[in-house]
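Model the full structure from these sequences, guided by the hints.
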Amino acid sequence: MEEKLVRKMIANCLKQYYGEELQPLGESDVKEICTQVYRLKESEPEAYLHDIINDVVYEFLTG
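For any residue, its number in our numbering is found by taking its place in the sequence shown, counting from 1, and adding 359.
Where hints are given, some of them may not hold.
What the hints assert, rightly or not - Capping the alpha-carbon separation at 25 Å, the derived lysine to aspartate or glutamate pairs in DMTMM-like fashion look like this:
{"hint": "1", "residue 1": "K400", "residue 2": "E386"}
{"hint": "2", "residue 1": "K374", "residue 2": "D388"}
{"hint": "3", "residue 1": "K367", "residue 2": "E401"}
{"hint": "4", "residue 1": "K374", "residue 2": "D414"}
{"hint": "5", "residue 1": "K390", "residue 2": "E401"}
{"hint": "6", "residue 1": "K390", "residue 2": "D410"}
{"hint": "7", "residue 1": "K367", "residue 2": "D388"}
{"hint": "8", "residue 1": "K363", "residue 2": "E418"}
{"hint": "9", "residue 1": "K367", "residue 2": "E391"}
{"hint": "10", "residue 1": "K363", "residue 2": "D414"}
{"hint": "11", "residue 1": "K390", "residue 2": "D414"}
{"hint": "12", "residue 1": "K367", "residue 2": "E380"}
{"hint": "13", "residue 1": "K400", "residue 2": "D414"}
{"hint": "14", "residue 1": "K400", "residue 2": "E380"}
{"hint": "15", "residue 1": "K363", "residue 2": "D410"}
{"hint": "16", "residue 1": "K367", "residue 2": "E405"}
{"hint": "17", "residue 1": "K400", "residue 2": "D388"}
{"hint": "18", "residue 1": "K363", "residue 2": "E405"}
{"hint": "19", "residue 1": "K363", "residue 2": "E391"}
{"hint": "20", "residue 1": "K374", "residue 2": "E418"}
{"hint": "21", "residue 1": "K367", "residue 2": "E403"}
{"hint": "22", "residue 1": "K374", "residue 2": "E362"}
{"hint": "23", "residue 1": "K390", "residue 2": "E362"}
{"hint": "24", "residue 1": "K400", "residue 2": "E361"}
{"hint": "25", "residue 1": "K363", "residue 2": "D388"}
No lab work stands behind these hints, which were simulated from the structure alone.
This is the structure in structure tokens:
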């Protein structure tokens, strides 16, 4: 899975919560989200990447 694509999808997902502001998360937060996305995709290969990213970002923000 290409990290650049995952990062772009995360940024687009964050727009739902923060609008067109600059990315509200730091680099370490984005890396943590990417790691969680990769883990979930490995454990659930049939799941849609878009759904996984939405779930991980939501869980991260609501914490």
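Tell me the numbers of any earlier hints that the structure contravenes, in ascending order. Going through the list in order, the structure violates hint 14 alone and respects the others.
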